[in-house]
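As they're listed, the protein sequences go chains C and D. Counting the first sequence from 1 gives a position; our numbering is that position plus 2. Number 36 in our numbering belongs to position 54 of the second sequence; there are no gaps in the numbering.
There could be a bad hint or two in this list.
[As the list claims (entries may be wrong)] Counterexamples of contact, computed for chain D against chain C with all Cβ distances above 12 Å:
| # | residue |
| --- | --- |
| 1 | 14 |
| 2 | 21 |
| 3 | 32 |
| 4 | 89 |
| 5 | 101 |
| 6 | 104 |
| 7 | 115 |
| 8 | 140 |
| 9 | 152 |
| 10 | 155 |
| 11 | 168 |
| 12 | 169 |
| 13 | 172 |
| 14 | 173 |
| 15 | 180 |
[To be verified] Simulated restraints, written as ranges between beta carbons of each label pair:
| # | chain 1 | residue 1 | chain 2 | residue 2 | range |
| --- | --- | --- | --- | --- | --- |
| 16 | C | 54 | D | 64 | 14 to 24 Å |
| 17 | D | 140 | C | 203 | 34 to 44 Å |
| 18 | C | 113 | D | 59 | 24 to 34 Å |
| 19 | C | 113 | D | 204 | 34 to 44 Å |
| 20 | D | -16 | C | 178 | 36 to 46 Å |
| 21 | D | 64 | C | 178 | 45 to 55 Å |
| 22 | C | 166 | D | 59 | 28 to 38 Å |
| 23 | D | 59 | C | 54 | 48 to 58 Å |
| 24 | D | -17 | C | 28 | 30 to 40 Å |
[Stated by the list, open to error] Covered stretches of chain C, as calculated for chain D (at least 3 residues, CB under 8 Å):
| # | stretch |
| --- | --- |
| 25 | 76 to 83 |
| 26 | 101 to 112 |
For the record, the hints were derived by calculation from the structure and aren't laboratory data. A virtual CB, placed ideally from N, CA and C, is assigned to each residue, including glycine.
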Amino acid sequence: MIDAQGLHKQFGTVQAVIDLELHVPQGSVYALLGPNGAGKSTTINMLTTLLRPDRGTIVIAGHDAVRNPDAVRRVIGVTFQDLVLDRDLSGREALDFYGRLYGLDAATRTQRTKELLTLVELNDAADRLTGTYSGGMRRRLELARCLMMQPRILFLDEPTQGLDPQHRAMIWDYLRMLQQQHGMTMLITTHAMDEAEILAQQVGIIDHGRMVASGTPAELIGQFGSDMVRITANYPADYQPSWLQAEWVRNWAIQNGELRVGVDHGSRRIATILDGLRADGLQVSDMNMTRPSLGDVFLQTTGRALRDEVKS
Amino acid sequence: MINATYAIWLRHMRKFTRNREELGGLLIQPILWVALFGVGMGRMLPDQSNYLSFMLPGILALTALGGAAGGGMMFLDERLRGILREYMVAPIPRLSILLGHMCATVSKAFFQIIIVVIVGVLAGAQLGGGVVGWLATLIALICFTLGFAGIALGVAARSKSIMGYHGMIFLFNLPLLFASNALYPLDSAPVWMQWLAKANPATWFIDVARSSTQSTDMSTNLLNLGLLLGFAVAGTWLALRRFNAVTAN
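Pulled out of the complex, with its shape left as it was, chain D reads as follows (with noise of 0.2 Å):
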């Protein structure tokens, strides 16, 4: 089990770094968001440095949500070239090939997200917090991508093309952030947005990034953790399930 997700995580891994025009896409995304957005909306408010502050744990859910809709796709993409049958036939359980793919998005996105915290704290990010504040916000995000990899794979296991792979993410994936407080305060949004946003796992996570590193209240990290870590396995599930149902027949 531990043996074959390993090996599809390494197979990914090689891959990955192999491929310059994917590292080079991952590393250029995440610093045009912070240089574009972030400098540029900064540049609307009195106070420059406290919005980008403000907003880096947004672009690090987006960057994980990109993370994971890529991961979807890897999935996709091996599945629809027949390479998945290949480790159909082996004697391996079917959940090693979904951990396999899921740690392999994992990694990917933190590989962007370190990118993400340094471009940001160069551009003048203030982050505090300390170790246990650094490490809520590592496990937050290790679970809200595990959760968006779940249902990025769950899709692209029943996905026909990959054109209708893509329709399906976008339609989850910026508007997720629209819908939470990623990159505005939610007290001046309307009530139904605010509880829309709550419903949210983009804004648990930015809550518990925000808090941990802006040293602001903490009293909900432990309530936030609890509904990533339950969001993560509902997304393996879903994945788990789909992936049966398309393979078990």
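For reference, chain C alone in the conformation it holds in the complex (with noise of 0.2 Å):
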């Protein structure tokens, strides 16, 4: 439904988005993951049609993005990621106006937004004034008004971003319920990696505007094995542990003075790597196992923790 090839966007003498690969099928959802100024918002904007690309081809459910936007503009919903509601406006006119952009008959945009309202549990605050709605309330009418041309692909930019775990996992229950009932093709930005495993299919991690990894969320994080053991220490700067190189070893990097090393069966293999590094003379200061996740993938693969992003 989403095909996107060999994408290149470049502003000024930044390059933006680089030879940009994606490809979203008829039903899935895909979760657009990287750090602040990766080039996510440039390439939603160019899938979204507000955007042109310098070079590459767009296709959205058949129709070329750069020579016929407005059939993509069809068949598209879209929710920005800083919130684009009208606050002088009811919950009730926002998507009202919006039907009316679009050209729907009255009777059709009042029973729309009767449905959608109720869909995403905002039938009570329906005529007050947007801006007195909560942050939730908010992300809720967003979802609401993107529906309200019943579009086959939605583009959703930081879904949940703002919001509390309760009201995450409203918005987390709207989405996977339109997947399941109505097919819904999605592509999603997140900094959450909770949100891109639960969510989606797919996963593409864009860095300095590349994609760097990608795959399923499964594929992506086996590549670490079954445990990632991380363990802080004094590493001196240009540590190798030549004694990683072993079969029972997936994966090994050391960043902001932790080493994590993702191994085939981690309670089995943790004692061998604390005497490795004793071996090597280093004092361990701090030591845990877990389970590798997304967040993990991430770290390899763009440098930046998560934490990092939320304080930009």
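The two chains are supplied separately, each in an independent frame; assemble them into the complex guided by the hints.
Now the structure itself:
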């Protein structure tokens, strides 16, 4: 449903997106992950016809997004990271206006507005100005707005940013319902790895404008083995533990004073790793072991932890 | 096209009629101009009601300019808040987005202009001219407002901040009136200023309005109306060009 190939976009001297390829089959959810400034927004803007790529092709539901943007606009629904709701309109008016913009007749507008407000459980607040809504309510109304024209594909830029856990779970439920009951194809961008793991069948990690990793969450996580051992110690700058070249090591890296080793069986290997570090004369100050997650994939491929993201 | 233009216009009108602050401000502003400037200046002159009749078209021009600046502001606000992108992902012509805003701008300016005329007449301005004169004034006013709304939207399409926009707009708001025949007859002005005033769309409009409502020499009305029509088209064209440059990169 979404096919992008060889996408390039340059702003002045900055290469925002470089040779990006992306395929989302019908009815599946794709999560685009990446640090701020990685090119996520540029990518989503190009896919939603807001921005013209310098090079490359985008085909959305069979329509060329560059040559025939209006055809694409008719089949997609888009929500933006920074909410675009007009604070001086009520929730019902916001939806009604959106339908009017697309030329829906009055009866259909009333009908759909009612259905969607029920879907996102905003019936009670429908006639209040959206300026009085909480963050969670606004996100829900945005979701309702982009469903107003019954799109086949949704593009959701950070759909749960700034929400508390309860409201995030609520949005996730809606999105899963849309996928399962309506076969909706979705592309979401997110900072939150748990969101990607829960919602997406396909994940792409983008950094400095390039796609640095892509696949199913299981594939991406699988490269780390079944356990991830993390050990904090006083590593010298050029530390090269040659003894990690063993068949049970899937993957290792030292970042921010922490050694992370993906292994086949954590509890069996942890003693070996500690012995190796001690033999190299290092002082271990902390250690733990977890199941690897998309967060580890992200850290490995972008060199940045998600914690850094929250601050920026 | 027409549908989307109407939808955007309607949205602005609904917000406008709901916003008491904006309504109140727009109501009071022209009243203050007529009551303070018109009446105050008039007292210095022997025939008070005559000056008011003379300067009322000037206040109309000022009101239209203010309305155009406000229209640009409304567009900038929607752009900076990202509301514009909601229109941009919709399958509607880009021109309709612009026209929707321009129509809303002209509508709001009209609301004000009716108030100005009522207050002006109550304060003693004498307006003649009959239906043809009024119609000519009306057309001139629409063209004048559209032209400046186009310029204001063009500036707003690029401005990075509200402060920057105001800086740009104030540059050509009041000075434009001073460099026209709005507040004083040009006969006594230096030659360079007369030329400046003649190239000023405000002068074209005020000429039409003044000669029509005062039933003086109406020979230049057709020329002025033509110039104003060209100005309206140029303003729309400028806005569309800047708008496309910003959105289609």
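Okay, which hints does this one fail, numbers in order?
-> 19, 21 and 23
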